[in-house]
Every structure is written in C-alpha cells, then in structure tokens.
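S.K.: Based on the provided sequences and hints, a complete structural model is requested.
Now for the letters of each chain:
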Amino acid sequence: MEIALIGNPNTGKTSLFNNLTGSYEYVGNWSGVTVEKKVGIFKNNIGQLIDLPGVYTLNPLSKDEGVVTSFFLNESVDRLLNILDASQLERNLHLTLQLLEFEKPALIGLNMIDVANKRGIQIDAGKLSEVLGVPVVPVVARSGKGCDKLVDAISTKSTQPVKKNLVYYGKEVEEAIVTLTGMLHGKTDLSVRFLAIQYFEGNEYVRDYLHSIDDQQKLNPVKAKLESKLQKQYEVKSLANYIYQKRKEVIEGIVAEVARKSNSVIPLSEKIDSIVTNRFLGMPIFLLLMYFMFMLTFDWLGTPLSDLLDGFLTGPITVGFEKVLTAIHASDFIHALIIEGLVAGVGGVLVFVPQIFILFFFISLLEDSGYMARVALVMDRIMESVGLNGKAFIPMMIGFGCNVPGIMAARTIETPRERLLTILLTPLMSCSARLPVYALFVGAFFAGNKALVVLSLYVLGIIVALTLAKIFSTTILKSETSLFVIELPPYRLPQFQSLWRSTWDKGKGFVRKAGTFIFAGSVFIWLLSYAGPSGLKVDMDHSYLAAIGNAIAPIFDPIGFGTWQASASLITGFLAKEAIISTMNIIYFVPNDASLQGLMADYYTPLAAYSFMVFILLYIPCLATVATIYKETNSKKWTAFSMIYAFAIAYVLSLIIYQGGKLFGLV
Amino acid sequence: MFGLLKAGGKGKIINLSQVGHLVQRRLLDLGITEGSEICVKCVMPFGGPVMIESCGQCVGIRRREAVQIEVVKL
Ligand SMILES: Nc1nc2c(ncn2[C@@H]2O[C@H](COP(=O)(O)OP(=O)(O)O)[C@@H](O)[C@H]2O)c(=O)[nH]1
Ligand SMILES: [Mg+2]
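Note that the protein sequences, when read in sequence, are chains A and B. My numbering puts the first sequence at residues 1 to 667. My numbering puts the second sequence at residues 1 to 74.
Read the hints as simulated data drawn from the structure, not as lab findings. These numbers come from a predicted model, not from an experiment. We put the beta carbon where it would ideally sit given N, CA and C, even for glycine. Treat the hints with care, since some could be wrong.
Negatives, chain B to chain A, calculated, CB over 12 angstroms [what the hints assert, rightly or not]:
id	residue
1	G9
2	K10
3	G11
4	V67
5	K73
6	L74
From the derived model, a few chain B residues whose C-beta atoms are all more than 10 angstroms from chain A [claimed, not checked]:
id	residue
7	K12
8	I14
9	Q18
10	E37
11	V40
12	Q68
13	E70
14	V72
Residues from chain A that face chain B, not an exhaustive set, calculated with beta carbons under 8 angstroms [said to hold, decoys possible]:
id	residue
15	L61
16	E90
17	R91
18	Y244
19	D380
20	E414
21	L483
22	V485
23	E487
24	L488
M.R.: What follows is the structure in structure tokens.
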C-alpha cells in the first residue's frame with residue numbers, strides 16, 4: 001500500500017513521516033523545508049509512506065509545489081494522508097477540498113492540536129470527519145501523540161470518501177464540468193471533476209495534461225465561455241477567484257460547525273518578534289548571533305575540544321596503531337601507509353568533528369526555532385537591491401552547513417531567474433568542509449583573533465555573492481519580475497531531541513565521508529607521494545604528487561602559494577573540500593611531537609595564508625555541489641559557468657589581497 | 001494602505017487588484033484576500049518589507065506591494 005502525505009507547508013508532515021517510518025528526514029520551522037518527494041517504509045510494514053513538499057493548493061507557483069501536482073497526475077497512490085494544522089484550519093481546508101475532489105481514498109491527520117489548544121481553539125474531530133466524509137485523527141506529530149491511532153486508521157478503516165461534491169460551484173461551473181466530463185470520457189483514469197476544476201482555476205500542469213489527452217481547440221472555448229459568462233453575470237474578477245470564493249464559503253460553514261474559539265493569551269511569538277524583527281535591532285541582532293556562533297565554534301568551545309581530540313588521535317591512537325603494526329611485523333610499506341597515510345589523512349579531518357557539530361547545532365537551532373524566515377525578512381531590503389529576494393538568503397544560510405542542500409532549498413524561490421541566481425551564488429557560502437582549512441590556518445597564523453579572521457571570510461563570501469548577484473542581475477540575468485511573499489511561522493521552542501537528530505543528521509555526512517571518501521583518497525594521495533618516477537619510497541619532492549603539483553604551481557605564484565604542496569591539495573579539494581586538509585596532513589607529515597600548525601609557518605607567510613584561505617573559500621565548488629548544480633539547473637552551460645566564474649573571482653581576489661598586502665608592507 | 005504603514009495599524013482589505021498577479025496568488029494561498037482584516041506588525045527600515053498579520057498568521061511582503069493594497073482603517 002502506498003500512502004502519500006499532503007498538506008500545507010510547515011504543518012508537520014515530515015515530523016509525522018519521521019515518526020511513522022522511524023527514519024529521519026529534514027525538519028525545520030519554515031515553509032519549504034522539503035523540496036522533493038521522499039519515500040519511507042511504515043514501522044509496522046503496512047506499506048510505503050511518501051513525504052511531499054508542502055503546498056497551499058494544487059495549482060503550483062514554484063518548482064517544489066510542482067513536484068506535488070505532477071505526483072498527482074502521473075503517479076498512482078492508494079491513499080492520501082492529508083495533514084492539517086489545527087491552528088490554521090481555514091487556510092488548510094482549501095487544499096483538503098481539492099484533495100477530496102480527487103476522489104481517492106483519503107484520511108486526515110489533524111496535527112498541532114497542542115498549538116491550537118494553546119491559542120484557545122478546540123476542534124471537534126468527530127464532527128469534522130462527519131462533515132468531510134473521511135476519517136479524522138488528531139495527532140501531535142512532534143511528540144508522537146495519536147500516531148498509533150493514525151496508523152490504525154490507515155490500515156483498517158475504509159477511507160473511500162462517502163460524500164461527494166462538498167462544494168457546489170454554482171450552476172454555470174457545474175454545467176461546464178458536465179461538458180468536460182463528456183469530452184474526456186474514457187480518456188483518463190483520474191477524476192474528471194477534479195481535472196475540470198483545476199483546469200478552470202488555471203492549473204498549468206493540469207492544462208498540459210488535458211492538452212495531451214484531448215484536443216486543445218475543443219477544451220479552450222469551454223473555459224473561456226464559462227469565464228466570460230461568470231464575469232458578466234456576477235462581476236467576478238476571474239474564474240479562479242470565483243472558484244476560490246465558493247470554496248471559502250463552504251469552509252467558513254465547516255469551521256463554524258467544528259471549531260470553538262475562546263479568548264487566548266498573546267502568543268510569545270509576538271513578543272519575540274517585536275525584538276528580532278525590530279526596525280533597527282533586526283540586523284544587529286542577526287550579526288551578533290553570527291558572531292556568537294563563530295566565537296563558540298572557533299574559540300570558546302570548538303577549538304579546545306578539537307585540540308583534545310587531536311591530542312588523542314596523535315597520542316594514544318597513533319601509539320596503539322604503532323604497537324599493533326610492530327606486533328604483527330608489518331612491512332615498512334604497510335606501516336607507512338597506515339601511519340603516514342591513513343592516520344594522518346583521515347585523522348586530520350576527524351579532528352574537526354567537534355567544531356563542525358557545533359556549527360551544525362547552531363544551524364539546526366536557527367532552522368527549528370522559526371528565526372530563518374525572519375532573517376529572510378530582515379535581509380530582503382539588501383537582497384532586493386542586488387536583484388534577489390529575501391528568500392534567497394535561506395539557501396545561503398543552509399549553505400553554511402553544506403552547499404548541496406542549500407542549492408536544493410532554492411527550489412522554493414518562485415521566479416526562475418532568482419532561483420538560478422541563488423543556485424549559482426550559494427556555493428560561495430563557506431560550507432563546513434572548508435572550516436578545517438580555516439581552523440588550521442588561523443591556529444597557525446592568527447591565534448590572537450581566530451574567530452574574527454574566520455568571520456571575515458564568511459562575510460567576504462556573502463559580500464562577493466551579493467556583489468556578483470548585482471552584476472549578474474544587471475547583465476546576463478536581467479528581468480523585471482521579482483516576488484517576495486514569505487510566511488512567518490510562529491516561534492517554536494526547539495526540543496533538544498529534535499535538535500540533536502537534526503545536528504547528527506547533518507554531521508554524520510561529514511563523519512561518513514571521512515570514513516569512505518577521505519579514507520580512499522588518503523590511500524591514493526599517500527601512494528602518489530610515496531611513489532615517483534624513480535621508484536617507491538622516493539623523497540616526497542620527487543614523487544608523482546610533487547610532479548602533478550609542480551605542473552600547475554606557477555599559476556598560483558602571483559597569489560602567494562606557488563608550491564607543489566598547495567597546488568596538489570587544491571586539486572584534491574575539488575573532490576571534497578575536506579580533502580585539502582587530509583592531503584596537507586599527508587604531505588607535511590609530522591611525527592607526533594611537532595604539530596602541523598607549527599610547520600606551516602615554514603611554508604606560508606600570514607599574508608599568503610590569508611590569500612590561501614580566500615582562495616579556498618571561493619574557488620570551484622566541490623564535485624557533489626557541481627553535480628547538484630547540474631541536476632537543479634539542467635544546463636551544462638550554467639554548470640560550467642558556476643565553476644569558471646568561481647575560479648576567476650577567487651584568483652582575482654587572492655591576487656588583490658596578496659599583491660595589495662605586499663604593497664602595503666604586510667607579509 | 002499608505003496611511004496604515006506603521007506598526008499597530010489595523011485595517012480591512014477592500015481591493016487587491018492593483019497588486020502584482022503572483023503576489024496576489026501567494027497572498028490568496030495564505031488566506032489573505034479582499035475582506036480580510038490585517039494588522040501591520042512591523043515595518044523594516046530603508047523601504048524594506050512589512051510584516052502583516054491576518055487570522056493569527058504573519059506574512060512578510062514588500063513595501064512596494066503593500067502600498068498597492070487598498071484598505072479601510074478599522
Ligand atoms: N508544537 C508542535 N510543533 C510541531 C508539531 N508537528 C511539527 N511541529 C514543528 O513544526 C515545524 C515544521 O515541521 P515539519 O515536519 O518540517 O513540517 P512540514 O513542512 O509539513 O514537513 C517543526 O519545527 C516541527 O518541530 C506538533 O504537533 N506540535
Ligand atoms: Mg517537510
């Protein structure tokens with residue numbers, strides 16, 4: 001049995017999905033968290049559950065919403081599980097009425113009962129079920145309350161809607177529906193009433209579907225005639241508006257019947273909002289929060305933890321490996337491979353796990369509290385001035401964790417041009433994989449102001465992105481339309497458990513990558529550094545790795561790091577940015593007493609180090625990001641563009657910083 | 001809606017047709033249409049967006065669009 005989860009954005013569909021399937025998908029407190037369809041298996045194996053992006057209606061405006069409509073038209077599903085936000089019943093029911101017109105077995109999960117109660121809203125689920133003709137189960141998806149009843153209802157109750165045609169659209173529309181029914185008879189398995197109404201409403205996906213099964217010349221006049229008739233008779237603005245009003249009348253009747261409202265307290269949300277979106281405090285509060293995040297990650301908490309872990313890895317762990325290797329009489333080759341290749345390469349990346357988890361924890365906190373949408377609001381003025389809209393800031397914030405989900409999040413941006421622009425610029429956001437590079441270099445060269453130097457890099461990424469947005473939007477991506485309407489969800493106090501889940505879910509990717517990709521990469525890099533044209537166990541300066549690095553090193557001479565070591569790590573950095581660090585650990589292998597940080601001073605000046613960090617921040621997105629850009633833009637041209645412009649801007653900026661810095665006597 | 005543009009202003013929408021088509025659709029999705037009562041929650045500086053509340057739900061829209069909404073004061 002296949003069950004699809006449908007509902008308005010931010011009503012708790014994914015929370016319920018996680019609860020019912022025992023898996024973990026991305027949950028957050030803003031509209032547009034889920035942007036593609038996700039499939040999971042029910043815990044008790046009664047079938048498959050499909051999580052879909054949130055939609056307000058089946059008539060889509062943005063790409064993530066289109067996912068749902070095409071799902072309806074092209075894929076078969078046994079049951080629809082409609083999730084309603086009990087505290088926003090009226091708005092939610094618009095979608096429900098459309099779903100019921102689809103005439104598939106359906107049932108309703110009435111979620112956020114706790115929120116509704118707090119606002120003084122009581123909903124009679126039994127009565128709602130009676131009125132709609134489908135089972136209604138109250139649940140609290142976040143805590144799992146009522147979920148067992150919901151599963152029972154899914155697997156036992158007959159969910160074929162008993163009443164049909166909840167909404168009477170008036171004589172004229174109903175007649176036109178009959179006309180279409182005659183024309184489409186036998187040509188489709190879907191509910192013709194549903195198709196007809198969606199078609200009248202101007203649903204482009206349904207229009208294309210109908211045109212593919214019937215003659216467009218015959219269909220168009222029906223709609224056009226209906227619209228002009230209604231406009232003359234009732235002075236309505238448009239057919240879509242007329243249909244909306246009809247639904248609204250029915251909904252008002254339903255809500256009056258099932259919901260009781262008592263006077264409630266002012267929600268905490270409003271009090272918080274008066275501060276964080278305050279006219280003048282909004283921006284400073286955001287910057288302060290960011291600063292706090294960086295201090296914790298790089299100074300107060302993250303660095304001491306990393307140092308501890310580093311001590312553990314280079315101390316007891318390495319000693320342990322040495323002992324085992326000696327005990328089993330491992331050959332020199334194996335010994336070097338494990339100690340100088342794997343432990344240095346993989347361990348060098350793992351050391352940064354604490355810092356990365358702290359960063360992810362903060363991002364999860366921002367996501368789950370409801371602050372994300374506020375940031376978009378606060379940022380809109382700036383974003384608008386560079387040809388983007390505030391919503392584009394959300395993908396960028398997510399990009400601080402990892403660019404791949406950031407780029408995916410751009411799907412919620414309605415206008416194609418702004419979406420493309422956001423996709424192209426999100427890679428400039430400094431993702432967590434770049435963080436180890438900064439941590440290493442600031443530790444070695446800027447120990448006094450670690451957090452500040454790193455913050456400067458993050459800010460630089462944002463400034464470059466905004467500047468390029470301005471340039472691109474006035475040259476290659478010109479267009480007038482820009483749309484910004486954002487739903488601001490109520491604040492929700494994040495629960496520790498869901499925060500941890502969400503942090504772990506993001507962080508485990510990093511750990512897993514260290515165990516697979518970086519592991520394999522480290523072996524490979526080490527082999528390249530161990531072997532050379534003259535045989536094995538060569539001096540590293542005569543290894544294959546050095547040869548490869550030397551080939552491109554001259555390019556980087558003007559920007560301060562024309563060594564084969566830097567070049568070689570930049571090449572591996574294209575595969576995954578963490579690989580830069582593991583490569584450096586292998587190349588500059590230091591026996592346990594000295595530290596890599598100390599050694600760096602021999603190879604870089606502070607100015608060159610900063611130039612290197614800027615270059616790492618901006619140059620070519622990693623392989624996974626490039627693949628995502630290609631998937632999301634579906635264009636080789638834009639994918640290539642995203643790589644080329646990034647390299648060019650990285651080079652130019654590093655050049656300015658390095659040469660400019662030298663001019664001013666910095667070293 | 002110009003007269004309403006300060007935090008705390010309350011009004012009822014009487015005409016949305018001056019507003020851009022896409023914005024109108026989005027507002028409709030969120031249940032904001034002619035006849036809805038709205039309340040301005042805050043106005044961002046430097047011509048930034050405004051935050052309005054309707055039926056217990058907050059929505060951010062740009063000032064350019066906000067001023068095109070015709071409202072009567074309540
Ligand atoms: N108070 C409360 N919060 C909930 C409930 N269900 C979900 N949430 C929160 O609502 C937000 C949106 O949840 P999510 O599952 O991402 O919604 P989706 O967009 O419909 O998939 C998250 O912050 C959840 O923690 C609930 O029943 N009660
Ligand atoms: Mg979701």
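S.K.: Confirm or reject each hint.
M.R.: Hints, one by one, checked against the model:
1. The Cβ of G9(B) sits about 14 angstroms from the closest Cβ of chain A, beyond the 12 angstroms cut-off, so the non-interface label holds.
2. Taking the minimum C-beta to C-beta distance to chain A, about 14 angstroms, the non-interface status of K10(B) holds against the 12 angstroms cut.
3. Under the 12 angstroms C-beta cut-off, the non-interface status given to G11(B) relative to chain A holds; the minimum distance is some 18 angstroms.
4. A cut-off of 12 angstroms between C-beta atoms confirms that V67(B) is not in contact with chain A; the least separation is 14 angstroms.
5. Every CB of chain A is more than 12 angstroms from the CB of K73(B) (nearest about 21 angstroms), matching its label as outside the interface.
6. Listed as a non-interface residue, L74(B) keeps its Cβ farther than 12 angstroms from every Cβ of chain A; the least gap is roughly 18 angstroms.
7. Non-interface status of K12(B) relative to chain A is upheld: no Cβ of that chain comes within 10 angstroms, the nearest being about 16 angstroms off.
8. For I14(B), the condition that its CB be more than 10 angstroms from all CB atoms of chain A holds, with the nearest at approximately 13 angstroms.
9. With 10 angstroms as the threshold on Cβ separation, the claim that Q18(B) sits away from chain A holds: the shortest Cβ distance comes to roughly 12 angstroms.
10. Non-interface status of E37(B) relative to chain A is upheld: no Cβ of that chain comes within 10 angstroms, the nearest being about 13 angstroms off.
11. Residue-level check passed: V40(B) sits 12 angstroms from the nearest beta carbon of chain A, beyond 10 angstroms.
12. Residue placement check: Q68(B) keeps its beta carbon more than 10 angstroms from all beta carbons of chain A (closest about 13 angstroms).
13. Against chain A, the non-interface label of E70(B) holds: every CB pair exceeds 10 angstroms, the least being about 14 angstroms.
14. With a minimum CB-CB distance of about 19 angstroms to chain A, V72(B) clears the 10 angstroms threshold, and the non-interface call stands.
15. Interface hint status for L61(A): upheld, as the beta-carbon distance to the closest one in chain B is roughly 6 angstroms, under 8 angstroms.
16. For E90(A), the interface hint holds, since its Cβ comes within 8 angstroms of a Cβ in chain B; the closest pair sits about 6 angstroms apart.
17. Among the interface hints, the one on R91(A) holds; its C-beta lies about 4 angstroms from the nearest C-beta in chain B, closer than the 8 angstroms criterion.
18. The criterion of a C-beta within 8 angstroms of any C-beta in chain B is met by Y244(A), whose closest approach is roughly 6 angstroms, and the hint holds.
19. A distance limit of 8 angstroms between C-beta atoms decides the matter here; for D380(A) the minimum to chain B is near 5 angstroms, and the interface restraint holds.
20. The criterion of a C-beta within 8 angstroms of any C-beta in chain B is met by E414(A), whose closest approach is roughly 7 angstroms, and the hint holds.
21. Annotation: L483(A) was flagged as interfacial toward chain B, and the flag holds, the nearest CB pair being 5 angstroms apart, inside 8 angstroms.
22. The beta carbon of V485(A) comes within 4 angstroms of a beta carbon in chain B, closer than 8 angstroms, and the hint placing it at the interface holds.
23. With 8 angstroms as the threshold, the beta carbon of E487(A) comes within range of chain B, its nearest partner Cβ sitting at about 6 angstroms, so the hint holds.
24. At about 4 angstroms, the closest approach between the beta carbon of L488(A) and any beta carbon in chain B falls short of 8 angstroms, and the interface hint on this residue holds.
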